[in-house]
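Residue numbers (our numbering), protein chains in the order written: chain C, 90 to 219; chain Y, 90 to 219; chain Z, 90 to 219.
Heads up, a few of these hints could be off.
The list makes no distinction among identical chains, and a pair is therefore deemed to hold if it is satisfied within one copy or across any two copies.
[To be verified] Computed cross-link-like contacts, BS3-like style, restricted to lysine-lysine with a CA-CA straight-line distance of at most 25 Å:
#: 1; residue 1: Lys-189; residue 2: Lys-121
#: 2; residue 1: Lys-189; residue 2: Lys-116
#: 3; residue 1: Lys-99; residue 2: Lys-213
No lab work stands behind these hints: they were computed from the structure. Here the structure is a predicted model, which means the values were calculated and not measured.
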Amino acid sequence: MFTEIQLQTKKQEEFLSITRMIREIVKNSRIKDGIAIIQIPHTTAGITINESADPDVVSDISRMLNIMVPDRFDYFHQEGNSPAHIKASLMGSSALVIIKEGDLMLGTWQGIFFCEFDGPRSRKIWVKII
Amino acid sequence: MFTEIQLQTKKQEEFLSITRMIREIVKNSRIKDGIAIIQIPHTTAGITINESADPDVVSDISRMLNIMVPDRFDYFHQEGNSPAHIKASLMGSSALVIIKEGDLMLGTWQGIFFCEFDGPRSRKIWVKII
Amino acid sequence: MFTEIQLQTKKQEEFLSITRMIREIVKNSRIKDGIAIIQIPHTTAGITINESADPDVVSDISRMLNIMVPDRFDYFHQEGNSPAHIKASLMGSSALVIIKEGDLMLGTWQGIFFCEFDGPRSRKIWVKII
Numbered sequence: 090m091f092t093e094i095q096l097q098t099k100k101q102e103e104f105l106s107i108t109r110m111i112r113e114i115v116k117n118s119r120i121k122d123g124i125a126i127i128q129i130p131h132t133t134a135g136i137t138i139n140e141s142a143d144p145d146v147v148s149d150i151s152r153m154l155n156i157m158v159p160d161r162f163d164y165f166h167q168e169g170n171s172p173a174h175i176k177a178s179l180m181g182s183s184a185l186v187i188i189k190e191g192d193l194m195l196g197t198w199q200g201i202f203f204c205e206f207d208g209p210r211s212r213k214i215w216v217k218i219i
Numbered sequence: 090m091f092t093e094i095q096l097q098t099k100k101q102e103e104f105l106s107i108t109r110m111i112r113e114i115v116k117n118s119r120i121k122d123g124i125a126i127i128q129i130p131h132t133t134a135g136i137t138i139n140e141s142a143d144p145d146v147v148s149d150i151s152r153m154l155n156i157m158v159p160d161r162f163d164y165f166h167q168e169g170n171s172p173a174h175i176k177a178s179l180m181g182s183s184a185l186v187i188i189k190e191g192d193l194m195l196g197t198w199q200g201i202f203f204c205e206f207d208g209p210r211s212r213k214i215w216v217k218i219i
Numbered sequence: 090m091f092t093e094i095q096l097q098t099k100k101q102e103e104f105l106s107i108t109r110m111i112r113e114i115v116k117n118s119r120i121k122d123g124i125a126i127i128q129i130p131h132t133t134a135g136i137t138i139n140e141s142a143d144p145d146v147v148s149d150i151s152r153m154l155n156i157m158v159p160d161r162f163d164y165f166h167q168e169g170n171s172p173a174h175i176k177a178s179l180m181g182s183s184a185l186v187i188i189k190e191g192d193l194m195l196g197t198w199q200g201i202f203f204c205e206f207d208g209p210r211s212r213k214i215w216v217k218i219i
């Protein structure tokens with residue numbers, strides 16, 4: 090089963106929880122056991138699984154990525170968004186979550202985050218359940 | 090087939106090889122061809138595949154992550170373990186290994202490592218074989 | 090279906106697009122819907138999905154990784170290639186791409202890159218389609 094989600098990001102950089110959306114897709118698929126593949130078709134955004142209870146955690150990830158990958162550097166790519174591309178590769182473009190008894194298997198504190206690094210933009214998320 | 094492994098980490102930071110455990114689960118599953126998905130339900134630990142022959146390699150990965158993600162920074166999250174969360178996202182929360190002829194397909198030097206960044210703790214590893 | 094690709098890298102560090110090779114394998118498999126798992130059996134090389142239109146983007150990723158993971162550091166591992174191992178873990182050893190209607194699902198700007206960090210070497214790429 091394949092589903093495409095549309096997402097409108099609002100800031101230049103933000104981590105948006107997509108856990109609820111993915112969970113709903115899994116429930117509607119009525120697949121009891123398998124895996125969910127979440128893939129994003131963008132090169133200046135990423136996906137990561139991390140703590141969803143305290144929003145400060147993803148803020149800290151985003152802020153530290155800005156230190157690790159500074160805006161000022163002799164980048165060759167002329168569009169000014171090289172840091173966004175680099176952060177995208179550090180976070181990765183897909184996530185994998187096990188499905189058991191019809192539900193996404195996530196740890197107590199885990200959530201799935203869409204990482205916008207070059208927004209605001211219209212974004213897509215592809216979900217495949219097997 | 091789904092299996093849960095329990096793991097007790099002993100240090101604040103350590104990379105533990107779980108290759109043998111995963112290999113055994115794959116052999117016991119009697120699945121000849123497929124993939125193994127190894128997922129961890131934690132937000133201050135990660136999983137990575139790297140060299141298992143010389144333990145200095147994973148020490149160097151761990152030590153360089155400590156330089157890249159310093160302990161001292163104006164972190165918003167008040168639990169003091171933001172660096173562990175950030176390293177978890179850099180390493181990722183799942184690994185994927187091809188299964189062929191009933192065995193895990195890994196390169197000669199590759200091992201699968203559980204990366205503890207906020208131990209010692211009781212940890213879990215989920216393994217799904219399809 | 091399992092396929093092994095051989096690759097000869099030419100430089101110490103380079104990002105090589107393998108999109109066309111993977112796309113051909115998917116087409117030849119005649120599998121209409123599923124996923125492609127691309128795994129590399131090496132510990133000083135990685136795999137990433139990023140922009141393929143402008144080659145400056147992967148140059149910038151490679152150059153920034155060299156700043157993040159400096160050559161000069163008190164590495165324990167005596168082979169001199171610890172930075173390559175660390176970069177391998179940052180990029181990851183596998184990629185996952187959804188297959189739909191017999192084709193790889195990638196965004197307009199996305200390509201799949203083999204990341205050589207310790208070349209030139211003879212390398213392998215494993216592709217599994219399910």
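### Message
Within, between, both or neither: how does the pair Lys-99, Lys-213 come out at a Cα-Cα threshold of 25 Å?
### Response
within (14 Å within a copy, 36 Å between copies)
### Query
What label fits Lys-189 with Lys-116 when the C-alpha limit is 25 Å: within, between, both, or neither?
both (11 Å within a copy, 21 Å between copies)
### Message
When Cα atoms must be at most 25 Å apart, do Lys-189 and Lys-121 count as within-copy, between-copy, both, or neither?
### Response
both (6 Å within a copy, 22 Å between copies)
Every hint from the earlier list agrees with this structure, and none is contradicted.
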